[in-house]
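Chains A and B, in that order, are what the protein sequence lines are. Just so you know, we're using my numbering here: the first sequence kicks off at 1 and counts up by one. Just so you know, we're using my numbering here: the second sequence kicks off at 1 and counts up by one.
Hints are computed from structural coordinates only; laboratory data are not their basis. Note that beta-carbon positions come from the ideal geometry of N, C-alpha and C, so glycine has one too. There may be inaccurate statements among the hints.
Just so you have them, the derived chain B footprint on chain A, three or more residues with Cβ under 8 Å [claimed, not checked]: (1) 34 to 44; (2) 92 to 99.
Computed from the model, here is a short list of chain B residues facing chain A with C-beta under 8 Å [said to hold, decoys possible]: (3) L36; (4) T40; (5) R98; (6) E117; (7) M126; (8) A233; (9) R237.
Here's the letter readout for the chains.
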Amino acid sequence: MSTAVAALDPQPIRGNADARPGLARLTAVELRKMVDTRAGFWLQLGILGLTITFVVLQATLGHTEDHTLRKILEASIFPAYILLPIVGILLVSSEWTQRTNLITFALVPRRSRVLAAKLAASVLLSTTAVATCLAFAIFATAIAAPDLTGLWSLPAAQLVQTLILVVVAVIMGLGYGAALLSTAPAIVLSFALPLGWSAVGSISALEGTARWLDAGRSFEPMTKHVMNGTEWARVGTTLAVWLVVPILIGLWRIRRSEVS
Amino acid sequence: MPTSDEADGDQRPYRGASHSGDTPLMIEARNLTKRLGGRTVVDGVSFRAEPGTVTGFLGANGAGKTTTLRLLSGLSEPDQGEPIVLGSRYRDIPNPGRRVGVLLDAAAQHGGRRGREALAVSAQVMAVDARRVDGLLELVGLDRSAARKRVRHYSLGMRQRLGIAHALLGDPEVLILDEPANGLDPPGMRWMRELLRDFADRGGTVLLSSHLLREVEALADHLVIIDAGRVVAKGGRSELLARTGTQVRADDKARLGVALAAAGLSAREAPDGGFLVEAEPEDVGRAALAAGVALTRLGPAGDGGLEQLFFNLTAGSADTTAADLEEAA
Numbered sequence: 001m002s003t004a005v006a007a008l009d010p011q012p013i014r015g016n017a018d019a020r021p022g023l024a025r026l027t028a029v030e031l032r033k034m035v036d037t038r039a040g041f042w043l044q045l046g047i048l049g050l051t052i053t054f055v056v057l058q059a060t061l062g063h064t065e066d067h068t069l070r071k072i073l074e075a076s077i078f079p080a081y082i083l084l085p086i087v088g089i090l091l092v093s094s095e096w097t098q099r100t101n102l103i104t105f106a107l108v109p110r111r112s113r114v115l116a117a118k119l120a121a122s123v124l125l126s127t128t129a130v131a132t133c134l135a136f137a138i139f140a141t142a143i144a145a146p147d148l149t150g151l152w153s154l155p156a157a158q159l160v161q162t163l164i165l166v167v168v169a170v171i172m173g174l175g176y177g178a179a180l181l182s183t184a185p186a187i188v189l190s191f192a193l194p195l196g197w198s199a200v201g202s203i204s205a206l207e208g209t210a211r212w213l214d215a216g217r218s219f220e221p222m223t224k225h226v227m228n229g230t231e232w233a234r235v236g237t238t239l240a241v242w243l244v245v246p247i248l249i250g251l252w253r254i255r256r257s258e259v260s
Numbered sequence: 001m002p003t004s005d006e007a008d009g010d011q012r013p014y015r016g017a018s019h020s021g022d023t024p025l026m027i028e029a030r031n032l033t034k035r036l037g038g039r040t041v042v043d044g045v046s047f048r049a050e051p052g053t054v055t056g057f058l059g060a061n062g063a064g065k066t067t068t069l070r071l072l073s074g075l076s077e078p079d080q081g082e083p084i085v086l087g088s089r090y091r092d093i094p095n096p097g098r099r100v101g102v103l104l105d106a107a108a109q110h111g112g113r114r115g116r117e118a119l120a121v122s123a124q125v126m127a128v129d130a131r132r133v134d135g136l137l138e139l140v141g142l143d144r145s146a147a148r149k150r151v152r153h154y155s156l157g158m159r160q161r162l163g164i165a166h167a168l169l170g171d172p173e174v175l176i177l178d179e180p181a182n183g184l185d186p187p188g189m190r191w192m193r194e195l196l197r198d199f200a201d202r203g204g205t206v207l208l209s210s211h212l213l214r215e216v217e218a219l220a221d222h223l224v225i226i227d228a229g230r231v232v233a234k235g236g237r238s239e240l241l242a243r244t245g246t247q248v249r250a251d252d253k254a255r256l257g258v259a260l261a262a263a264g265l266s267a268r269e270a271p272d273g274g275f276l277v278e279a280e281p282e283d284v285g286r287a288a289l290a291a292g293v294a295l296t297r298l299g300p301a302g303d304g305g306l307e308q309l310f311f312n313l314t315a316g317s318a319d320t321t322a323a324d325l326e327e328a329a
């Protein structure tokens, strides 16, 4: 069909055909995959909407002394902290449930490079999310502007902690997706396992041990105050179990699995 | 319906092997063996596909075609043997999408992604200009409204067209296609045949699988027939056709069978009720005469062509084969 041919540029191909797609390119592709499906698009739009709602509520309701940048940022992070991990889960698991892994790994046979790109994309996504939350929080604080000392007080260390919190939450999601390679179980377990673990921790005899691996309790101080050494050690221990282990299992499974 | 012969000159969206240069070895399966779940799915499979030709990879469902193609395209690791594409392992090709077009399952697309976007994502991976996506969509007959639809709303035929566009996206010199005609209507099949023929005529290498003989009979220059994981026949189409033997039928089938056995002729039961004999018609006639069996039919089996050959070679999986043959006929 002549129109088809006309639509093809005389130089339809760009770049060297034998250049391996770089990690930056693959990361850009993974970022694109986060939003170019219906589920991904609406999920992130929903998170954005919730974030705005949380910011508005935190800045308008309750005690005036809570209308500080610190408190509003803490509230604004919540939707992303809870829901953005699902984007991480989907980024890996949907390749299996939707079987696009056939295409992905035919184009990039070194599967660990794909996982690395997904990790990098997750870090970029969560950083963008935190930056957006911060912008909303600053805006809301300026509008609400109660007459308080320490209204704008936000230690850099605490901002970094907040960033780390969201980044690790999304990577933990990625880990669930990678370890299970299936969307529904990964989403369910990512919510059920931490809750179950907290329940174990409520048994008083196990209290001391369990709290080191209880993400809910280890991560709690991250948005509250600048953490001390023990608190960081708890975060590290929690991450070793709930982040590093699933990612390693996932890497092993992804590299070995039969794609069909 | 876009047809390949309407495109002309160097503006075609694919160039065949024109940029392949000095790699004559396009596809070679060397003694591939793959076990899955304790079963040997692919068992010592060896064959080659040459530039400028279409190789049909035939077998009943479950014969090991898909697994073999997955081994060749680096999606699965063989337990033994070597899958060679363009002189090396597929996995060692730096940007494989630009050298090898792979379509293993047209249904394997994200349902929530729009058709155009599905191609655009892959174009980005292999550093192909996004404008090429629109040209290919048009080439495979997916119009603007189809390109905007989410893939979950595609028919199998539309997915197959999207899959072909995807395989051609990187301007490859080799195509590996698993059941590409699945879900296409007869004009669609004809279009696909012309497209692949043209691709091969320009020096490209095509390896396509099918469980339906009729699909490849008219198109393939070479055939590889696989049954229960093993290659049972391979060679040029005409060469294989010459081997189809003699077809013989008699009202008294049992006596004919005895007569053939007595004459030391190797015979198999044909689906039409007679026998297929690996001998010249003359010898079969003599054997029947010696036993006093009246024949109702005697002649070269060539007419039945590949269908018969395919049936004979894959008789072990007769259930699916017979059904497929009916479907094909």
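Hint by hint, here is what the structure shows:
Here the region 34 to 44 of chain A counts 5 residues with a CB under 8 Å from a CB of chain B, which clears the bar of 3, and the coverage holds. Evaluation of the coverage hint for the region 92 to 99 of chain A: fulfilled, as 3 residues show C-beta separations to chain B shorter than 8 Å, against a requirement of three. Interface hint status for L36 (chain B): upheld, as the beta-carbon distance to the closest one in chain A is roughly 7 Å, under 8 Å. Residue-level restraint check for T40 (chain B) is violated (minimum Cβ-Cβ distance to chain A is 15 Å; threshold 8 Å).
Proximity of R98 (chain B) to chain A holds as hinted, the smallest CB-CB distance being about 4 Å (cut-off 8 Å). Because the closest C-beta pair between E117 (chain B) and chain A is about 5 Å apart, less than 8 Å, the hint holds. For M126 (chain B), the interface hint holds, since its Cβ comes within 8 Å of a Cβ in chain A; the closest pair sits about 6 Å apart. At a threshold of 8 Å, the smallest CB-CB gap from A233 (chain B) to chain A is about 26 Å, leaving the interface hint violated.
Violation of the interface hint for R237 (chain B) is found here, the shortest Cβ-Cβ separation to chain A being roughly 29 Å, above the 8 Å cut-off.
Checked against the numbered hints listed earlier, the structure breaks hints 4, 8, 9; every other hint is satisfied.
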